[in-house]
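Chemist: Listed below, chain by chain, are the residues.
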Amino acid sequence: MNEPTSSPAVIGRRNLLRAGALTVGAAALLAACGSEETGEVATVGNGAPNPDLETGTVNNAVRLRTAASVENTIANAYATVLELGLLSGSSALYPNLGDQTANVTLFAEHHTAAAAAYNELAVAAGGQAWECGNPRFDSVFVAAIFSRITEGVEATDTASAIPASDDPVRDVATMVHALESLSAATAQALVGQVTEPAQRKAAMEVGVRSGRQAAMMALQINPGGYVPGEVTEQDGLPIPVAVPTVFGSVGGILWVGGAGDENGVRMRSTFETPSFNSMVYDFTEYGECAPAEG
Amino acid sequence: MEIEATHAGLAGARRVGRRGLLAAGLGGASASLLPVLLGRAAATTPDDSTPDENTTTTAPPKRPSEADVALLGAAQQVELTMVALYDDAIAGVTGWSDEDAVVMVAFREAHEDSAVAISALLGRQAPNARSESLYSALAPSFVGGRDDVVAKAWEAESAAVATHGELLGSLQGFNGATLIAAIQMAEARHCTVLADLLGTDDTALLLVDDEADPLEVNG
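Chains as they are written, first to last, in the numbering used here: chain A, 1 to 294; chain B, 1 to 219.
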């Protein structure tokens, strides 16, 4: 005999959909009756426009004060070298280098005077003097190189740490050579940029001295390295020579240094003469230097 | 003379003092180039081309003006005179080391390359000849011992640098000015090398604290 069985609570598809719809409807009703608003209510109208970049006017004065900024960057870099005593000690790669403190001190005086000369020309051209370093060169070149030499690089999730330089005297000496070459190239490049012959002549008075300082530094690093030879690298570093090209070059100046990474690759930085991304425009503000007035 | 030399360390460099180097200088062979050349200067040739469209300063012409042509021609004569002087030195001096020979030949060729570059800029207006007056003034000092001739070359290079500096103060066209600046930069470095060849460690000589007077070109 069949006994009646209690019917279990069967949840069919139809019931499930019905319950879901009720839940959603109740939630919507409660939300509509609530006093709190969630999210932002759309508004009608126009928001603030994207800010316009300031127009960078490039004229003789801007080019000249940019050159002054490069000279200040170099002088400041040398002050740091001397302050930190980075030239004390010896270099394993350049055992005959000797103490370059006196030379770098002399070079720094030239660059300070060069900055003053460029600023004087900039003012005469209707601009304003710039007493600070070059913002881009300071961060991209000098600070980055000093950091690599003195501190190395911390480890990341994907790369091992890189220690401080294995030969700081080597790296600072080659940096000095690169900065002297940069000063010379900047002056030479100015000749093709400024419009007044007197400005070109004055720029090359700076450039000639810097070029000679670059040549002298090359000979300190590489005695007898007068002109390019067949061997151009030593321990992965370019070998500087006193007269690297038949004509003065305004091309990039390669610096290689610091300890190698886990693959043995050292830091490489190419110094280039100022361009639009490194100009000291009238609106440029950096350190203690305010934008130009008027 | 040996000119098939290898590039090696400076061995046995003779050391001379600043006084000795200056005493071996060119003396009165130098004089101002500018007055002579400016006499040839005339009005500039208008040219609409500019070096950089983003600049706001009114740009001078790219090509050499008529006045520039005279100045650049004189610069070429200086370069060709230097070639002749180096030829005399290379051939006339005994006792060049291999390293000396490499430098002297390299510098001679650099001056020749500079003259060729100026010729390319001036075309048929280039004189393509050395300055006989300048050569006559300088040639007697480019004979003798090795140290004397290197010292003379040091001062002649310094005078060439000064000459190009004077030209830069007068040249209007960008092309001529940039070429002269490139030549001047290289020749400035020549001075440092020549001082180093003499074995000096005097920075006043290596860096040429006292630049020589500009050279005079009178044809």
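These are calculated hints, taken from the structure and not from any lab test. Yeah, the Cβ is synthetic: ideal placement off N, Cα and C, and Gly gets one too. Do not take every clue at face value.
What the hints assert, rightly or not - Here are the simulated EDC-like pairs of lysine to aspartate or glutamate, each with C-alpha atoms no more than 20 Å apart in a straight line: (1) Lys-201/A with Asp-201/B; (2) Lys-201/A with Glu-211/B; (3) Lys-201/A with Asp-209/B; (4) Lys-201/A with Glu-120/A; (5) Lys-201/A with Glu-99/B; (6) Lys-62/B with Glu-120/A.
Said to hold, decoys possible - Which chain A residues stay away from chain B? Per the calculated CB distances, all over 12 Å, these: (7) Val-191; (8) Glu-196; (9) Arg-200; (10) Glu-205; (11) Glu-233; (12) Pro-244.
Chemist: Hint by hint, say whether it matches the structure.
Modeler: Hint check results:
{"no.": "1", "hint": "Lys-201/A with Asp-201/B", "verdict": "violated (28 Å)"}
{"no.": "2", "hint": "Lys-201/A with Glu-211/B", "verdict": "holds (14 Å)"}
{"no.": "3", "hint": "Lys-201/A with Asp-209/B", "verdict": "holds (17 Å)"}
{"no.": "4", "hint": "Lys-201/A with Glu-120/A", "verdict": "holds (14 Å)"}
{"no.": "5", "hint": "Lys-201/A with Glu-99/B", "verdict": "violated (33 Å)"}
{"no.": "6", "hint": "Lys-62/B with Glu-120/A", "verdict": "violated (26 Å)"}
{"no.": "7", "hint": "Val-191", "verdict": "violated (4 Å)"}
{"no.": "8", "hint": "Glu-196", "verdict": "violated (9 Å)"}
{"no.": "9", "hint": "Arg-200", "verdict": "violated (5 Å)"}
{"no.": "10", "hint": "Glu-205", "verdict": "violated (7 Å)"}
{"no.": "11", "hint": "Glu-233", "verdict": "holds (15 Å)"}
{"no.": "12", "hint": "Pro-244", "verdict": "violated (8 Å)"}
Violated hints, listed in ascending order, are 1, 5, 6, 7, 8, 9, 10, 12; each of the other numbered hints is respected by the structure.
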